[in-house]
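Chemist: Using the numbering used here, you'd call the opening residue of the sequence shown number 1 and step up by one each time.
Treat the hints loosely; a few may be bogus.
Claimed, not checked - When the alpha-carbon atoms are kept at most 35 Å apart in a straight line, the in silico DSBU-like pairs for lysine-lysine are as follows: (1) K68 x K135; (2) K109 x K35; (3) K113 x K95.
The hints are simulated quantities; they were obtained by calculation from the structure and are not laboratory data.
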Amino acid sequence: MKKVLLFISFFILISCNDGAFYQQFSNHSDYLKIKYNKRLSGKFPDIIKSDAFDLKSCSYIESNAYSKFNYSNDINYDVIFLNNQKITFLEFDSKINKLKNLEPKWFIKYNLKDSIKYETIRINCFYILRDKSKKEIFSFTNL
Numbered sequence: 001m002k003k004v005l006l007f008i009s010f011f012i013l014i015s016c017n018d019g020a021f022y023q024q025f026s027n028h029s030d031y032l033k034i035k036y037n038k039r040l041s042g043k044f045p046d047i048i049k050s051d052a053f054d055l056k057s058c059s060y061i062e063s064n065a066y067s068k069f070n071y072s073n074d075i076n077y078d079v080i081f082l083n084n085q086k087i088t089f090l091e092f093d094s095k096i097n098k099l100k101n102l103e104p105k106w107f108i109k110y111n112l113k114d115s116i117k118y119e120t121i122r123i124n125c126f127y128i129l130r131d132k133s134k135k136e137i138f139s140f141t142n143l
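Starting from the given sequences, assemble the full structure and let the hints guide the process.
Modeler: Okay, here's the thing in structure tokens:
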């Protein structure tokens, strides 16, 4: 009986979170361990290079996913931002604001007047923002 109560207590405890699935990787090597599992890596845009570090994602079943990572080599990402569909910062902002209440605490906090310092693109279903000065990339997708 104690085992049943313990199991029920554990189940209630883990089911009472915010409904989000969080992932975090220190570096690209750690991320590579899950890269080929689309159920796990599909929360990140397919632009992550070997210089990436501090990778984070937060996703919700049948809703949306947020991700963030830092990088050290601008050249790797200059090409990506040059060769993909550019979007306006306002388009990025409008997509993010639809589900603002689900946004993780580590996701970018910005002011619209500072939008000139960001680059924004769209790749497949991902809306991607780069802050070159901080060498950070943020993405959002509505699954």
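Chemist: Does each hint hold? Answer for all of them.
Modeler: Against the structure, the hints come out as follows:
no., hint, in the structure
1, K68 x K135, "holds, 11 Å"
2, K109 x K35, "holds, 27 Å"
3, K113 x K95, "holds, 17 Å"
Violation of the numbered hints given earlier is absent; every hint is satisfied by the structure.
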